[in-house]
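Peer 1: Please model the complete structure; the sequences and the hints are all you need to start from.
Protein chains in written order, with numbering that gives the first Met the number 0: chain A, 0 to 154; chain B, 0 to 261; chain C, 0 to 105.
Just so you know, the hints here were simulated from the structure itself, not pulled from any lab data.
List time: in silico SDA-like cross-link candidates among lysine to any residue, alpha-carbon distance up to 20 Å:
{"hint": "1", "chain 1": "C", "residue 1": "K12", "chain 2": "A", "residue 2": "R111"}
{"hint": "2", "chain 1": "C", "residue 1": "K12", "chain 2": "A", "residue 2": "P107"}
{"hint": "3", "chain 1": "C", "residue 1": "K9", "chain 2": "B", "residue 2": "D49"}
{"hint": "4", "chain 1": "C", "residue 1": "K9", "chain 2": "C", "residue 2": "G105"}
{"hint": "5", "chain 1": "C", "residue 1": "K20", "chain 2": "B", "residue 2": "A44"}
{"hint": "6", "chain 1": "C", "residue 1": "K20", "chain 2": "A", "residue 2": "D58"}
{"hint": "7", "chain 1": "C", "residue 1": "K20", "chain 2": "B", "residue 2": "E41"}
{"hint": "8", "chain 1": "C", "residue 1": "K20", "chain 2": "A", "residue 2": "L57"}
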Amino acid sequence: MTAQRPDRRRVLAGAAGTVLAVALRPAGAAPLPRTETTESAIRRFAGTSAIRPGRVTLDLPPLVENGNTVPLSVSVESPMIPADHVRRIGVFNERNPQPNVVTVHLGPEAGRAQVATRIRLADSQRITAIAEMSDGTYWSASADAIVTLAACLEG
Amino acid sequence: MPRRSTVKPLALVACLLCGPPAGAGDGAPADRRSGFDQMSPELRAMQRDDTANPGMLAVADGAELWGRPPASGKPSCAGCHGTAEAGMRGVAARYPAWDERTHRPIDLQGRIDQCRRERQGGEPLPHESPDILALTAFVALQSRGLPIAPPGDTRLEPARAAGRALFARRMGQLGLSCAICHDDHWGRRLGSATIPQGHPTGYPLYRLEWQALGSLQRRLRNCLTGMRAEPFPDGAPDYTALELYLATRAAPLPVETPAIRP
Amino acid sequence: MARTLINLPKTAKPGEVVAIKTLLSHPMETGFRPGPDGRILARNIVTEFVCRFEGDEIFRAELFPASSANPYLTFTWVATRSGGFTFTWRGDNGFEQTETAAIAVG
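Peer 2: Structure representation (structure tokens):
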């Protein structure tokens with residue numbers, strides 16, 4: 000799957016035989032300039048601990064009609080009791096200007112580790128959710144989303 | 000389910016420009032479909048859930064405005080109309096309507112603003128003002144689920160015909176008309192977006208692109224810009240004529256306000 | 000005062016996990032977006048949301064520019080006893096707002 004996104008500026012070919020041409024960013028174009036790498040943000044969240052895939056479910060629509068408002072939900076398998084619960088969930092992106100999406104802090108009072116929100120995706124990319132458990136272990140899941148754009152924009 | 004097409008955008012536009020002029024006729028595609036059907040399951044769920052639909056924030060604002068007496072000392076909306084649930088049920092479905100005072104068609108937003116200025120002594124508010132949008136969304140919510148049914152008033156006919164003509168007219172640098180995309184090629188893709196039939200079932204609606212609630216007029220301006228045509232000036236009668244035709248074309252699809260659209 | 004919509008059941012049985020949904024009207028201006036004059040609009044986001052039950056924190060979220068406008072957050076709480084929730088949002092430019100709700104458990 001190529002990560003393509005129509006550029007907001009549409010280029011018109013000229014008067015005779017005008018064609019609606021959409022300038023596309025070439026597949027594999029460099030991401031937008033970032034304040035910090037995803038790696039670095041994840042390291043700040045999890046320190047040097049190993050992060051294992053599993054126990055986390057990340058729901059993200061695979062095809063996004065508009066990157067401004069993308070429903071996202073995360074749930075983690077956990078009994079959510081004082082002896083065994085999720086402490087934090089950090090969500091990270093790869094292509095927004097900033098790598099953090101949202102970080103939530105939970106406790107056994109939650110009853111369940113299940114949160115939902117809406118996020119912005121600047122481009123088609125992979126989103127990763129990392130859960131920190133009360134025993135100090137880290138678990139993760141990732142999901143890819145392709146971001147398209149509506150037609151007939153304001154400007 | 001939208002018809003999927005493998006026609007690439009450039010080829011599609013080439014077809015559009017070469018084909019015979021699209022007749023608007025009496026218009027709408029035989030099976031009228033709201034743009035709701037073409038959204039992803041996640042966005043449909045967002046629209047359906049009143050506790051999650053961001054348009055409901057504006058509706059809550061509108062509910063408060065409904066009951067708030069204006070500074071002038073005149074009654075609040077509730078003071079004359081009672082509860083919106085009772086007094087405004089079905090109203091939004093019957094707009095645009097004929098306005099006795101100005102002898103022209105008027106849309107719901109215009110009617111609310113007129114009432115506010117003339118009967119409540121309110122200050123004129125800027126176009127697309129959040130307060131007007133909130134009130135309009137709140138009033139239109141009272142018709143949610145009811146079929147769109149613009150009045151058959153014969154005095155509306157010239158405007159309805161003007162709206163139909165606008166819908167079919169090729170405009171702008173690309174020579175596109177509304178009908179070409181929304182009558183003839185709905186369900187296909189323009190760039191990466193699926194073309195809807197273009198029914199105004201959910202206005203004012205929360206457009207993700209705007210990250211806010213907005214009016215049908217704002218959306219029509221976006222369409223005109225997208226077609227590379229000159230948008231009509233704010234508040235121009237062309238908008239109301241087009242809205243009147245669109246409402247006729249959409250009937251009897253149900254009101255969805257406040258809808259969500261990409 | 001920004002508009003909020005908070006949704007949770009009015010009653011619950013002990014041990015029941017209730018869903019709490021919150022929605023706040025806020026532009027969440029990212030600080031990366033140009034305005035109509037081409038200059039970048041100043042960042043203006045909510046940075047933190049905290050929910051407390053009877054004074055104890057039960058949920059906290061750190062938000063970033065990647066959160067959508069009109070932030071929507073849902074989470075759960077296991078009903079133990081009746082009492083009051085507070086919901087506090089804090090953000091740029093001194094933004095702070097608290098709403099309350101109550102639940103009857105029994």
